[in-house]
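Number of protein chains: 2
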Amino acid sequence: MTIVVGYVSTKEGEAALERALEECRLRKNTLVVIHSDRGGSGLSGDAARKNDDDLKKVQARIADAGIEGEVRGLVRGKEPAEDLIDVAEETDADLIIIGLRRRTPVGKLILGSNAQRVLLDAPCAVLAVKAR
Amino acid sequence: MTIVVGYVSTKEGEAALERALEECRLRKNTLVVIHSDRGGSGLSGDAARKNDDDLKKVQARIADAGIEGEVRGLVRGKEPAEDLIDVAEETDADLIIIGLRRRTPVGKLILGSNAQRVLLDAPCAVLAVKAR
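Those sequence lines, one after another, are chains A and B.
Per this note's numbering, the very first residue in the first sequence carries number 14; after that it's consecutive.
Per this note's numbering, the very first residue in the second sequence carries number 14; after that it's consecutive.
None of these hints come from the bench; they were simulated from the model.
A few of these clues could be false.
Given that identical chains are not distinguished, each listed pair holds provided it fits within a single copy or across any two copies.
What the hints assert, rightly or not - Simulated crosslink set (BS3-like; lysine-lysine; CA at most 30 Å straight-line):
#1 69 to 41
#2 63 to 24
#3 69 to 91
#4 69 to 24
#5 91 to 121
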């Protein structure tokens, strides 16, 4: 069984990764970490190098946790939701984990479009976590 | 630790309950099943009796599964999302589980307002499951 987690280097992304490591320990699952970037002219060389460094650190954390897993940095011009769903289908995932931003007291009542899309179109259950 | 699940007698509600029973077994958690009804003139005597019967069956399933848990039928004039979040806060829940409808091929891209509200305002992680 596989858990797919969407990772970005924010506190929500960290919360999702931490939870994914815990769930993999509990369920003895394999972890697939996805970092999705649309790429193109919006992605500078510096940003691409930082992404690579971040993902190497994630790889090291998976190894340190003694979990079987892999990290995929996807730059295919797709929305993060599409990349997550594609990989969940490909790996026949049991669970997708995503980080959600906490709503501020005056925050709007609408979830981001990527989160909604993952929730609606995922082939499996979706666990939504927030930063502590 | 407690898992709170929103139950309705639909295939999505059943999927949420089934998953909640599995997660309680895996995590050794206590289960709190919430059935929320706004009540008022929209709730007929027949419907209220059917709700009671459904919840007694759920109680029996929890007992059969050997899980510690309780069933609460809430009729407090609140939206299901409010009831779920209130109980999650009160029980210091570790996880809320909700059922989501599957999108049809021509389905709209917007999640229901109750699901969005639970996802945005839950004090803990939210697991969204679909019917098989």
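Cross-check of the supplied hints:
| no. | hint | result |
| --- | --- | --- |
| 1 | 69 to 41 | within (22 Å within a copy, 34 Å between copies) |
| 2 | 63 to 24 | within (16 Å within a copy, 45 Å between copies) |
| 3 | 69 to 91 | within (22 Å within a copy, 47 Å between copies) |
| 4 | 69 to 24 | within (18 Å within a copy, 42 Å between copies) |
| 5 | 91 to 121 | both (26 Å within a copy, 20 Å between copies) |
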